[in-house]
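Engineer: Modelling step: build the complete structure from the supplied sequences, incorporating the hints.
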Amino acid sequence: MTLLIRLAKVGRMPHPRASDVASVDLLVCDRCGLCLPLCPPEAIHLALDELVIDRHACTGCRKCIAPCPVGALAMVPA
Amino acid sequence: MPDCDVLVVGAGPAGSIAAWEAKRAAPELDVVLLERDRVVGLPVRCAEGVGDAGLREFVDPDGAPWVARRITRIIFVAPDDTEVPVAEGRTVAWILDRTRFDAFLAAGAAAAGVEVRVATEAAGMERDPDGRWHVRVRGPGGNEETLCARLVIGADGVEAMVGRWAGLDTRVPARDMESCAQYVVQNVQFDPDAVYLQFGDRIAPGGYAWLFPKGVGIANVGLGIVALRADGRNAREYLDAWIARRYPGSATVGATVGGVIVNPTIKQTYGDGVLIAGDAAHMVNPLSGAGIVNAMKGGRLAGRAAAAAIRVGDTGARRLSAYHQAWMELLGDDHRTYYRIKQALDGLDDGFYNALARTVNGIPEAKRSLRKVFAHALVKHPQLIPVAARYFV
Numbered sequence: 001m002t003l004l005i006r007l008a009k010v011g012r013m014p015h016p017r018a019s020d021v022a023s024v025d026l027l028v029c030d031r032c033g034l035c036l037p038l039c040p041p042e043a044i045h046l047a048l049d050e051l052v053i054d055r056h057a058c059t060g061c062r063k064c065i066a067p068c069p070v071g072a073l074a075m076v077p078a
Numbered sequence: 001m002p003d004c005d006v007l008v009v010g011a012g013p014a015g016s017i018a019a020w021e022a023k024r025a026a027p028e029l030d031v032v033l034l035e036r037d038r039v040v041g042l043p044v045r046c047a048e049g050v051g052d053a054g055l056r057e058f059v060d061p062d063g064a065p066w067v068a069r070r071i072t073r074i075i076f077v078a079p080d081d082t083e084v085p086v087a088e089g090r091t092v093a094w095i096l097d098r099t100r101f102d103a104f105l106a107a108g109a110a111a112a113g114v115e116v117r118v119a120t121e122a123a124g125m126e127r128d129p130d131g132r133w134h135v136r137v138r139g140p141g142g143n144e145e146t147l148c149a150r151l152v153i154g155a156d157g158v159e160a161m162v163g164r165w166a167g168l169d170t171r172v173p174a175r176d177m178e179s180c181a182q183y184v185v186q187n188v189q190f191d192p193d194a195v196y197l198q199f200g201d202r203i204a205p206g207g208y209a210w211l212f213p214k215g216v217g218i219a220n221v222g223l224g225i226v227a228l229r230a231d232g233r234n235a236r237e238y239l240d241a242w243i244a245r246r247y248p249g250s251a252t253v254g255a256t257v258g259g260v261i262v263n264p265t266i267k268q269t270y271g272d273g274v275l276i277a278g279d280a281a282h283m284v285n286p287l288s289g290a291g292i293v294n295a296m297k298g299g300r301l302a303g304r305a306a307a308a309a310i311r312v313g314d315t316g317a318r319r320l321s322a323y324h325q326a327w328m329e330l331l332g333d334d335h336r337t338y339y340r341i342k343q344a345l346d347g348l349d350d351g352f353y354n355a356l357a358r359t360v361n362g363i364p365e366a367k368r369s370l371r372k373v374f375a376h377a378l379v380k381h382p383q384l385i386p387v388a389a390r391y392f393v
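If you read the protein sequences in the order shown, they are chains A and B. For the first sequence, this note's numbering gives the first residue as 1, with consecutive numbering after it. For the second sequence, this note's numbering gives the first residue as 1, with consecutive numbering after it.
Just so you know, the hints here were simulated from the structure itself, not pulled from any lab data. Where is the CB? At the ideal position from N, CA and C, for every residue including glycine. Careful, some of the hints might be misleading.
As the list claims (entries may be wrong) - Coverage of chain B stretches by chain A, computed from C-beta distances (three or more under 8 Å per stretch; other residues unrestricted): (1) 161 to 172; (2) 179 to 190; (3) 233 to 241; (4) 250 to 264.
Unchecked claim - Subject to a maximum C-alpha distance of 30 Å in a straight line, what follows is the list of computed DSSO-like cross-link-like pairs (lysine-lysine): (5) B:Lys342 / A:Lys63; (6) B:Lys372 / B:Lys214; (7) A:Lys63 / B:Lys214.
Structural biologist: Here it is in structure tokens:
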């Protein structure tokens, strides 16, 4: 599972859906954790001081995007 | 596999007090307190303000090294910059040095016999058939091990992973998430005995902007917004605009961001062998966004409930539900009321706040207690009647 998440994070895994998914810019992200409880499918995690978005769990709902205090999250093609 | 009785995840105010109280209530228990970061109290994701009365329930702030500033005045600032000082004539609040304060609480827990482990992150947990939680943790250097605990207290802040792992719903609707940005700012002019709170749809939609003094000429300057009400800018962009307008020429020497959950307490703060406390359980006052003392109060209840449950050998959800009930009676039910008031206030616009500021400034400053301000406001501004009504409904 960890491997899957890591692969998904670097974008090497094909995504089965056509809709966009949330993606984090780790250079901008402050690791504050605000987006975690906003995610309905709980697709966002903090591990080893790094934000990880499970692209396969993301439903593309965008609820995490605008609340990010530094604008580190954006939708990208799946 | 190393065993402990109580494992507390997160060494903020909720976690340290919970661990401390559990050990104090039952000294024979093995209590372990985990902190993910390398230093307890860092990074500071907090405006560091705390009410005097609540703080004194736990610790004495007079002359304490973890205090940055004593506060005797609140200055409300209307959207049009009209300042409304509310002179309380006594100590109303303290601005803490959270780095030192959190370390002080964790050290207190350690002195009571709690094992504190820093740079150690909980990564997941499963419950075995005997009712023990097996918590996977990553220590310094990434070493993984499993800790076995009879009861886990989740004090892991907005992330609230422990609650998630235990199957509790700790999610937050977007309308109840304050996105906050804060700078530590120097070279600014302000009354160092006062906290400043400014409201306004263009300044901090759905929240407010604050200046909390840390000393003469140095302050925490920040704001919280509800993104759903914002104009497309993020919290940091709102803050940059506010500081440029209100504190030109200031020097920013620190920056932080974070979320404040202004949602009432989660429906269930307990599970089999699990208690959730502090921000993780949404124990923040939904009207003010204040969370430190609430976290300590929730942590105290959790620590005591944990110790009592282990002593009688029953850590089942049914027994632990008494913790939830105790919290709701102490503050949780009040927070539901504050939440309704917040919703009602959200409907009022900048024009209302500007007019309210003028009304209040008509009251002589010496007589301007919060109670009096509220009474006058209610008479002069009938828009407030539905807000006040929420208090009783």
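Engineer: For each hint, tell me whether it holds in the structure or not.
Structural biologist: The hints, checked one at a time:
Against chain A, the segment 161 to 172 of chain B contributes 5 residues with a C-beta closer than 8 Å to a partner C-beta. That satisfies the three-residue criterion, and the hint holds. For the segment 179 to 190 of chain B, the stated coverage by chain A holds: 3 residues have a C-beta nearer than 8 Å to a C-beta of that chain, and at least 3 were required. Counting residues of the segment 233 to 241 of chain B whose beta carbon lies closer than 8 Å to any beta carbon of chain A gives 4, which reaches the threshold of three, so the coverage claim holds. Interface restraint, the segment 250 to 264 of chain B with chain A: holds (5 residues with C-beta to C-beta distance below 8 Å; minimum three).
At most 30 Å may separate the alpha-carbon atoms for a hinted pair to count; Lys342 (chain B) and Lys63 (chain A) meet this at roughly 22 Å. Taking the CA atoms of Lys372 (chain B) and Lys214 (chain B), the gap is near 29 Å; set against the 30 Å cutoff, the hint holds. Proximity of Lys63 (chain A) to Lys214 (chain B) is assessed by CA-CA distance (about 35 Å); at most 30 Å being required, the pair is judged violated.
Of the numbered hints given earlier, the model fails hint 7 alone.
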